[in-house]
Amino acid sequence: MGQARQIARLVARHDEIDLSDTHIEFNSMDLGSAFIPGFASFIIIHEASTPGPDETLRRYAVNRHTGDVWEMTLCTRYDFPALARLRSAYAGHSTTTAAEVAAQSRALGCSEQQRGSGTQ
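To convert, count from 1 in the sequence shown and add 18; that's the working numbering.
No lab work stands behind these hints, which were simulated from the structure alone.
Model, not experiment: these values are computed from the prediction.
You can trust all of the hints, since none of them are fake.
For each label pair, taking beta carbons as the anchor points, the in silico distance ranges come out as:
no. : residue 1 : residue 2 : range
1   : Thr113    : Ser67     : 40 to 46 Å
2   : Pro69     : Glu118    : 42 to 48 Å
3   : Arg124    : Thr68     : 38 to 44 Å
4   : Ala121    : Leu92     : 16 to 22 Å
5   : Asp36     : Phe98     : 16 to 22 Å
6   : Gly127    : Asp33     : 17 to 23 Å
7   : Ala107    : Ile42     : 24 to 30 Å
8   : Glu73     : Ser46     : 15 to 21 Å
9   : Arg103    : Pro71     : 33 to 39 Å
10  : Asp72     : Arg23     : 17 to 23 Å
11  : Ala120    : Ser67     : 39 to 45 Å
12  : Pro99     : Ile42     : 21 to 27 Å
13  : Pro71     : Asp97     : 29 to 35 Å
For each residue, glycine too, the CB sits at the ideal point set by N, CA and C.
Kindly generate the complete structure, drawing on both the sequences and the hints.
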């Protein structure tokens, strides 16, 4: 889970989320077992500094085989140079086939219409 966490933290920085902010919580969603089979799942929450609800900023799923990262709510797959380098170290390669992307999308419950256009 350590490498998947590292990958998710890289994507959070790419999304310009300041993980050093004391009001930001970065947590695993895999409590006891995988939240989504085949993925390591993480949630980033901005804790309210005043009475009121906390805000979920992102929900990331990191594919345990390929290192691909998805934002679960937006059904968006990330792909940028620093992530490709980290994925290569994690999975031994930095590319994912279109069939693998489609299978991951289905596993996350994303339809073709929901899936974010392109990558982040």
